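> All chains, please: the whole structure from these sequences, using the hints.
Chains as they are written, first to last, in this note's numbering: chain Z, 1 to 304; chain F, 1001 to 1283.
Worth flagging that the hints you see were computed from the coordinates, not collected in a lab.
Take these hints with a grain of salt, some might be off.
Stated by the list, open to error - Result set (PhoX-like, lysine-lysine): computed pairs, CA atoms no more than 25 Å apart in a straight line:
#: 1; chain 1: F; residue 1: Lys1012; chain 2: Z; residue 2: Lys10
#: 2; chain 1: Z; residue 1: Lys116; chain 2: F; residue 2: Lys1270
#: 3; chain 1: Z; residue 1: Lys108; chain 2: Z; residue 2: Lys221
#: 4; chain 1: Z; residue 1: Lys116; chain 2: Z; residue 2: Lys221
#: 5; chain 1: F; residue 1: Lys1169; chain 2: F; residue 2: Lys1270
#: 6; chain 1: F; residue 1: Lys1192; chain 2: Z; residue 2: Lys298
#: 7; chain 1: F; residue 1: Lys1169; chain 2: F; residue 2: Lys1108
#: 8; chain 1: F; residue 1: Lys1192; chain 2: F; residue 2: Lys1169
#: 9; chain 1: F; residue 1: Lys1108; chain 2: Z; residue 2: Lys298
#: 10; chain 1: Z; residue 1: Lys116; chain 2: F; residue 2: Lys1012
#: 11; chain 1: F; residue 1: Lys1192; chain 2: Z; residue 2: Lys10
What the hints assert, rightly or not - Pairwise CB distance ranges, derived in the manner of DEER restraints:
#: 12; chain 1: Z; residue 1: Leu92; chain 2: F; residue 2: Glu1069; range: 42 to 50 Å
#: 13; chain 1: F; residue 1: Ala1062; chain 2: Z; residue 2: Glu199; range: 39 to 47 Å
#: 14; chain 1: F; residue 1: Ile1146; chain 2: Z; residue 2: Ile287; range: 48 to 56 Å
From a predicted model like this one, the values you see are computed outputs, not experimental measurements.
Ideal placement from N, C-alpha and C gives every residue a C-beta, glycine not left out.
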Amino acid sequence: MTFWERNQLKLAPFLFLAPAILIFLIYVIYPIFDSIWVSFHEWNGMDKEGTRGNGNPNWRWVGLNNYITLFTDDEEFYVSLFNNVRWLIFSLLAIPIGLMLALFVNQKILGMRYIKSLFYFPFVINAVVIGVIFTWFYNPKYGALAYVLGFFGLDPVPFLADENLATYGIIIASFFPGIAYTMILYITGLTGVSREMIEAGRIDGASGFTMLWNVVLPQLKPATLIAIVVTIVGALRSFDLIAVMTAGGPWGSSEVLAYKMYQESLFNYRMGYGAAIATILFLIMDIYIAWFLYRLFKNERSEK
Amino acid sequence: MFPTPIQNYSLKVNIGYRLLLLFTLIIWLLPLVAVMLTSMRTFDDVLAGNYWTFPKETATIANYTAVFEGGKMGRFFLNSLIITLPTVIGTLFLSSLAGYSLAMHRFKLNLLVFAMFIAGNFVPYQILMIPVRNISIDMGVYNTHIGLIIFHIAFQTGFCTFFLRNFIKELPFELIEAARADGATEWTIYRKIILPLIVPALAALGVLEFTFIWNDYFWALVLTQGDTVKPITVGLDVLRGQWTTSWNLVSAGSVVAALPPVIMFFILQKQFIQGLTFGAVKG
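Okay, structure coming up:
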């Protein structure tokens, strides 16, 4: 027996996992800690040893200053944070709407297979295209919305040019792929709902909403859970549509933390400040990560 | 069945249901239909503000040619392919190895490694942005295809390992024990037993990953500069700025940028939905 043959059960896991772990450590785990480290500094992204035009060093330890500035002296930060909250709350609407549509098309009629695919496929269309389409849709001069409003004798609403409405306009655009996704989840979930329990419910006189609430929804729990996790992560990650549709405007009113971070770092060359925003976003996300891991390992243990 | 099968209702309800279904579908697809129609219009037609009528005079070929010739859409399209395909293959390879190990090998840090892959997957992109950009610059892969490919492989490996580990865990362990008893090496087990069994999972993940990477916008923005490497998402965004009110061209560009994942979705819908809804039904 060679060394390899004797020890392969011990060595194999290491060798099989090494490439994935290595690349993951370099590109995902290390950057998290590095970003947190950067957030305690003032840095314009240039050579860390060099100095700026005004004689100050490019890279300088500032302790918690970036965080203090964020919380006490940056109105835009609160606008972004508040917009993230709005994204979080309103994005969740895609879940009940997706459920309703899923129930609506959950019938066996001729051609339903194709009709379902037509409902699903906006999910695979990228955010730039969705953003382009909806920017055009909202355009007060040429847009379809203005056209429809005009049909009813109403004035056009410049959704994306209005400080109070811009964020909602973008969230509505995000519904298009979002609803398609939750619909896919629920239709698949509905195929797993037990016939016997529905029949039993019918015998007990349940129908319509009572049936949905008491018999069907509990069985759809796994689908709902995935929908909530993915929608929340998506809402905190929202960036693409904002960049494409408003670039954070008008006057920064539709910025979210992700977008503000990108702006501060790559356009204002305030890497440390940007990193501080990223760290806050990361801390918010950690709540969900912890919750998700907790659930997962609880299930894992109960299986054993 | 829930809701009650429509066949149990009267003819009137049945006809009403089908009409309502058709109406809902039309409203749902209206934005996409408008884009398709507009991509066929002449610029004069666009200026006149026609959206919903079928174009009297079509300029389909002229518009799409203009998008590829004047707009470098061909280059961007090619870039997207060059970035997406190796990423999908590389990710599936690394994560199937890792997934096998996490599912079938017992070692101390198993759960910790698994948790790392899952947690990393939820991380906001912005916390990675500055360091990943700096690493890419330091390694000389900033603004190259390979730079984007390596990063995408690294990040997507988290999700795919999670998925494949759970899939492989469901396979009968006896199969592997029997092979080990017969003296098969771990590599042979991976290659000859595990890989053939996880083909459905790999197919499901493959189409999903293709879509995710093709549709990536943020990382392309952060890790590229200029036209040589930009994928089609960022390319379209840039061209949109140049074409401003030429909605016919913007629309044609949008159709081109959206098409590959859409075609893939319609061809491989079953795999796609399996990947997307993994875990959505009680096992």
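> Hints first: check each against the structure and report whether it holds.
Verification of the hints:
no.: 1; hint: F:Lys1012 - Z:Lys10; verdict: violated, 69 Å
no.: 2; hint: Z:Lys116 - F:Lys1270; verdict: holds, 12 Å
no.: 3; hint: Z:Lys108 - Z:Lys221; verdict: holds, 23 Å
no.: 4; hint: Z:Lys116 - Z:Lys221; verdict: holds, 22 Å
no.: 5; hint: F:Lys1169 - F:Lys1270; verdict: holds, 22 Å
no.: 6; hint: F:Lys1192 - Z:Lys298; verdict: violated, 33 Å
no.: 7; hint: F:Lys1169 - F:Lys1108; verdict: holds, 17 Å
no.: 8; hint: F:Lys1192 - F:Lys1169; verdict: holds, 17 Å
no.: 9; hint: F:Lys1108 - Z:Lys298; verdict: holds, 18 Å
no.: 10; hint: Z:Lys116 - F:Lys1012; verdict: holds, 23 Å
no.: 11; hint: F:Lys1192 - Z:Lys10; verdict: holds, 20 Å
no.: 12; hint: Z:Leu92 - F:Glu1069: 42 to 50 Å; verdict: holds, 45 Å
no.: 13; hint: F:Ala1062 - Z:Glu199: 39 to 47 Å; verdict: violated, 60 Å
no.: 14; hint: F:Ile1146 - Z:Ile287: 48 to 56 Å; verdict: violated, 36 Å
Checked against the numbered hints listed earlier, the structure breaks hints 1, 6, 13 and 14; every other hint is satisfied.
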